[in-house]
Every structure is written in C-alpha cells, then in structure tokens.
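J.: Sequences and hints are given; from them, build the entire structure.
Chains A and B, in that order, give the protein sequences.
Using my numbering, you'd call the opening residue of the first sequence number 588 and step up by one each time.
Using my numbering, you'd call the opening residue of the second sequence number 13 and step up by one each time.
These are calculated hints, taken from the structure and not from any lab test.
Among these hints, one or two may not hold up.
[Stated by the list, open to error] Derived list of chain A stretches under chain B, where covered just means 3 residues or more per stretch with a C-beta under 8 Å from a C-beta of chain B: (1) 629-639; (2) 684-690; (3) 739-751; (4) 809-815.
[Claimed, not checked] For lysine-lysine, the following DSS-like pairs were computed, each having C-alpha atoms within a straight-line distance of at most 25 Å: (5) Lys760/A - Lys689/A; (6) Lys685/A - Lys152/B; (7) Lys685/A - Lys70/B.
The model shown is predicted, which means the values in this text are computed figures rather than measured ones.
Built from N, CA and C at the ideal position, the CB exists for glycine as well.
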Amino acid sequence: MVSITGLYKKFGRNEVLKGVDLTIKDGGIFAVLGPNGSGKTTLIKSILGMVIPNKGDISVLGENIKKNSGYRHKIDYLPQIANFPSNLRVKELITMIKDLRKPTDEDQRLIELFKLEPFLDKKLGNLSGGTKQKVNLVLTFMFDSPLVILDEPTTGLDPISLIRLKNLIQAEKAKGKTILITSHIMSFVEEVSDEIVFILEGKIYFKGSIHELKTKTNQPDFEHAIASILTDNHA
Amino acid sequence: MRSRWSYVYFAFYLLLGIVLLFLNNDLSKAVITLMNVIIVLVPLIGTIFGVMYYYNSKEFTELLLAQPLKRSSIFLGQYLGVALSLSMSLILGLGIPFVFYGLFESSAIWDFSLLLITGTFLTLIFTALAFNIALSNENKIKGFGYAILLWLFLAIIYDGLFLMTLIMFEDYPLDKVSLIGTMLNPIDLSRTLILLKLDISALLGYTGAVFKQFFGTSFGLIVSFIMLTVWVVLPVLRIVFKSKRKDF
Chain A
588 MVSITGLYKK
598 FGRNEVLKGV
608 DLTIKDGGIF
618 AVLGPNGSGK
628 TTLIKSILGM
638 VIPNKGDISV
648 LGENIKKNSG
658 YRHKIDYLPQ
668 IANFPSNLRV
678 KELITMIKDL
688 RKPTDEDQRL
698 IELFKLEPFL
708 DKKLGNLSGG
718 TKQKVNLVLT
728 FMFDSPLVIL
738 DEPTTGLDPI
748 SLIRLKNLIQ
758 AEKAKGKTIL
768 ITSHIMSFVE
778 EVSDEIVFIL
788 EGKIYFKGSI
798 HELKTKTNQP
808 DFEHAIASIL
818 TDNHA
Chain B
13 MRSRWSYVYF
23 AFYLLLGIVL
33 LFLNNDLSKA
43 VITLMNVIIV
53 LVPLIGTIFG
63 VMYYYNSKEF
73 TELLLAQPLK
83 RSSIFLGQYL
93 GVALSLSMSL
103 ILGLGIPFVF
113 YGLFESSAIW
123 DFSLLLITGT
133 FLTLIFTALA
143 FNIALSNENK
153 IKGFGYAILL
163 WLFLAIIYDG
173 LFLMTLIMFE
183 DYPLDKVSLI
193 GTMLNPIDLS
203 RTLILLKLDI
213 SALLGYTGAV
223 FKQFFGTSFG
233 LIVSFIMLTV
243 WVVLPVLRIV
253 FKSKRKDF
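T.: Here is the structure:
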C-alpha cells in the first residue's frame with residue numbers, strides 16, 4: 588500500500604526525519620506513535636506530498652509520488668487542526684470538495700451519523716472546535732478511498748461522537764481499507780489499531796503488534812510499554 | 013474570490029470616476045487626474061490584497077493541497093482569482109461612469125483605454141509580486157512589511173534615486189540611461205507611457221523629446237508592453253517554481 592525508503596527531511600537546521608524505512612501492507616489499522624515533535628505529522632505530510640522530502644522515495648499503491656498529484660485520489664486525509672475558510676458555509680464546503688474530487692452520496696449518511704444537519708447553513712467560522720472536527724470527518728470519510736490517513740482524529744470530540752468514530756473506523760477496515768492513525772490517546776490507539784509504528788527522533792523505533800511491544804518492553808499494559816520506551820531513551 | 017473588499021474597491025473607482033468627471037467636466041483632464049491616482053494606488057492595492065489573500069487563505073490552501081490537485085493550479089488559481097477580480101473592479105468601476113459620460117464619442121477613448129490596460133498590467137504585476145513575497149515569508153508581519161517596502165520603493169524611492177543619479181551625472185549624455193531606468197520600473201514605465209500618449213511631453217523638456225522619440229513610436233509602445241508582460245511573467249513563473257518546493 589505505502590512503501591517508504593530512506594526518507595530524510597530537515598526544516599532549516601532541524602532534522603526531523605532521519606532515514607525512515609517503512610512498508611505498510613494492504614488492509615488494517617496502523618497507528619503511528621511517537622512523542623511530540625518526533626516527526627509523525629511530517630511523515631504523514633510527506634506521504635501526502637505536502638512536505639517535500641530532502642531524500643528518499645515514497646510510493647503509494649505502487650505509484651511513485653514525486654511530481655504526481657493523481658495518486659491523492661486514492662487517499663482520504665483528515666488534517667490535524669481543522670481550519671476552514673471562515674466565510675464558507677458547511678454545505679458549500681462539502682459541495683466544493685465534492686466538485687474537486689468526485690460526486691458521492693456518502694456525505695448524507697455521515698452528516699446524519701454525526702448529527703450535523705442543524706449546522707449545514709452555518710458559517711464555518713462560527714462553529715465550535717468539536718463541530719469543526721465532525722465536518723472534517725465528514726469531508727474525509729465521504730470518499731471511498733483505499734487509503735485513509737487520520738491525524739489526531741479524536742481532537743475535540745464528545746464521548747458519543749468518539750464511539751461513532753470508532754464504529755466508523757471499524758466499518759472502513761471491514762471494507763478492506765488501510766487506515767493510518769496518529770493519536771496521543773493511548774486507550775484509543777489500543778482499542779482500534781492492529782499494528783503500531785513507533786517513531787523516535789526521526790527514525791522507526793518499533794513496528795509490530797501491541798502484544799509484541801508489551802513482550803519487548805516487559806510491561807503488562809500498553810500505556811506503560813510506551814512510557815518505558817520514552818523513559819529508556821530520554822533518561 | 014468571495015470577498016466584499018473587491019466590491020468596496022469597485023465602488024471606490026465608480027465614485028472616483030463620477031467625482032472626477034463632475035469636477036473636471038472634461039474627459040481628457042479627468043484622464044490625467046485618474047492617471048496620477050491609478051499609478052500609485054493600483055500597485056498599492058494589488059500588493060496589499062495579494063499578501064492579505066495569501067495569508068488569509070493559508071488554511072484553505074492546506075486543505076486543497078491534500079486533494080488531488082496540482083500545486084501549480086492551486087496557486088495560479090488563487091493568483092488569478094485575486095488579480096482578475098481586482099482588474100475587473102478597476103475596469104468596470106472606471107469604465108461605467110466614463111461610458112455614460114460619452115467616452116465613445118470623445119477623442120480621449122484611446123488615452124482612456126491605455127490607462128485601463130496599464131492599470132490592469134500593474135494589478136497583475138503587483139499581485140504576482142505580493143504572492144512571491146508571501147510565499148517566501150512564513151511570518152505574516154514580515155510579509156506585509158516587505159510588500160509595503162516593495163511598493164514604497166517602486167512607487168516613490170526609485171524615482172528619487174533615479175533623479176539623484178541623473179543630477180549627479182548630468183554632464184554625461186543620459187538619454188539611454190534614463191530610458192533603461194524607466195523601463196526597469198513598471199510604475200515609471202506606465203506613467204511615461206500614459207504621459208506621452210496624452211501629449212503633454214513638452215512639459216518634460218529635452219528628455220521629453222527623447223522619450224517621445226522612443227515611446228511615441230509604435231516600436232516604443234511594443235517594447236514597453238513587452239517589458240510589462242515580462243514583469244508579469246517572471247513573478248508568475250517564480251510562484252509556480254516556489255510553490256512546487258514549499259513545505260506545508
């Protein structure tokens with residue numbers, strides 16, 4: 588699905604990615620974890636072509652992404668902070684993104700799922716953070732793409748929406764999609780993900796299932812396993 | 013561009029056109045006054061709007077970047093959106109009152125169209141320059157600062173420096189130098205073009221005669237327009253080039 592070889596990226600003097608090699612196979616939920624500033628978002632943005640790497644190759648579904656924009660038809664991306672143009676209405680934004688990509692009816696179902704009907708005619712600038720995130724989720728999930736990338740999908744969501752989101756993610760997985768998630772909510776990660784990729788200081792530190800991580804670190808639960816990696820490496 | 017500012021801009025020109033015609037009661041005089049306004053104001057508005065639009069729509073740009081769109085089409089689309097709506101405001105806002113005043117029966121029609129053409133060129137040039145500045149500066153305040161400086165330099169300081177050099181080297185033949193100097197600044201170039209078209213070059217003395225010889229001919233006119241086009245094309249190319257390499 589996604590293969591990355593020898594990926595380097597630095598911003599100014601700050602080296603963020605220092606040789607990332609990563610292969611993500613078809614189907615399943617992959618969580619990309621790491622401390623703040625470890626390069627998770629940079630890695631995801633490189634896959635999307637928003638950040639241009641200094642070195643290394645990325646291919647998505649067998650297509651090299653360099654100087655290519657068509658491959659993004661096969662990716663649904665949920666950005667970390669939902670900042671939309673504030674003078675657009677929710678409805679207009681949804682229609683516009685549909686115009687850019689392809690017609691779909693899936694949005695109706697998602698709007699119902701997240702109970703967004705009362706907000707459709709409101710301007711995006713007037714929405715609360717959680718509602719914006721829901722709009723963000725609708726925009727992401729309304730296209731049936733084989734690769735879904737979610738950057739901090741739980742931000743600002745209330746408990747009931749969080750449950751709906753989890754169900755939605757599971758349903759997408761059942762369709763055979765590949766889902767990449769970054770999150771700092773360990774319980775969420777533990778619940779949804781099949782495999783985790785741990786990034787530390789710009790390199791892949793660990794890749795495997797949660798069970799393997801627990802055995803490797805000799806910790807009984809997931810949260811402590813992650814914490815032990817962090818303390819071992821920073822102490 | 014879904015912006016109420018372009019309507020304000022349009023209304024401003026509409027008002028300006030009406031007031032000038034009312035006060036002057038003469039088309040060609042109104043054109044001269046308009047020139048003075050346009051030459052300074054159009055670049056300023058183009059620069060400010062360009063920078064403002066880029067920074068304001070930054071988040072939206074990021075949303076678009078994740079969609080299957082080419083970077084060059086995203087940024088050129090934004091550029092054209094701003095530049096064309098500003099040009100439309102200019103052309104319609106000034107055009108409507110002048111047309112009602114009887115522009116088509118008057119001899120000033122060519123002067124007036126030249127004014128609008130150079131105005132449009134100036135909008136295209138300065139919006140493109142503004143986008144370049146905004147693309148190269150993450151920091152909003154810095155971007156705005158540089159943009160205003162650029163305008164100040166080309167609209168005012170350049171003239172000052174130019175005049176100083178002419179005075180310092182007045183013992184030498186300066187026709188060529190001053191011609192080239194004028195060509196290198198789009199604002200000066202537009203001003204000279206319109207002034208000469210308006211046939212008030214006698215005011216400029218000897219240099220005016222040299223300029224008249226050059227700009228007055230169709231060769232001079234063509235070269236001037238080529239220069240203005242170059243001024244548009246180079247910054248636009250840099251927008252494409254720069255946007256392809258930028259991280260978001």
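J.: None of the hints should be skipped; say for each whether it holds.
T.: Structure-based check of each hint:
| no. | hint | result |
| --- | --- | --- |
| 1 | 629-639 | holds (count 6) |
| 2 | 684-690 | holds (count 3) |
| 3 | 739-751 | violated (count 0) |
| 4 | 809-815 | violated (count 0) |
| 5 | Lys760/A - Lys689/A | holds, 22 Å |
| 6 | Lys685/A - Lys152/B | violated, 31 Å |
| 7 | Lys685/A - Lys70/B | holds, 20 Å |
When the structure is compared with the earlier hints, violations turn up for hints 3, 4, 6 and for no others.
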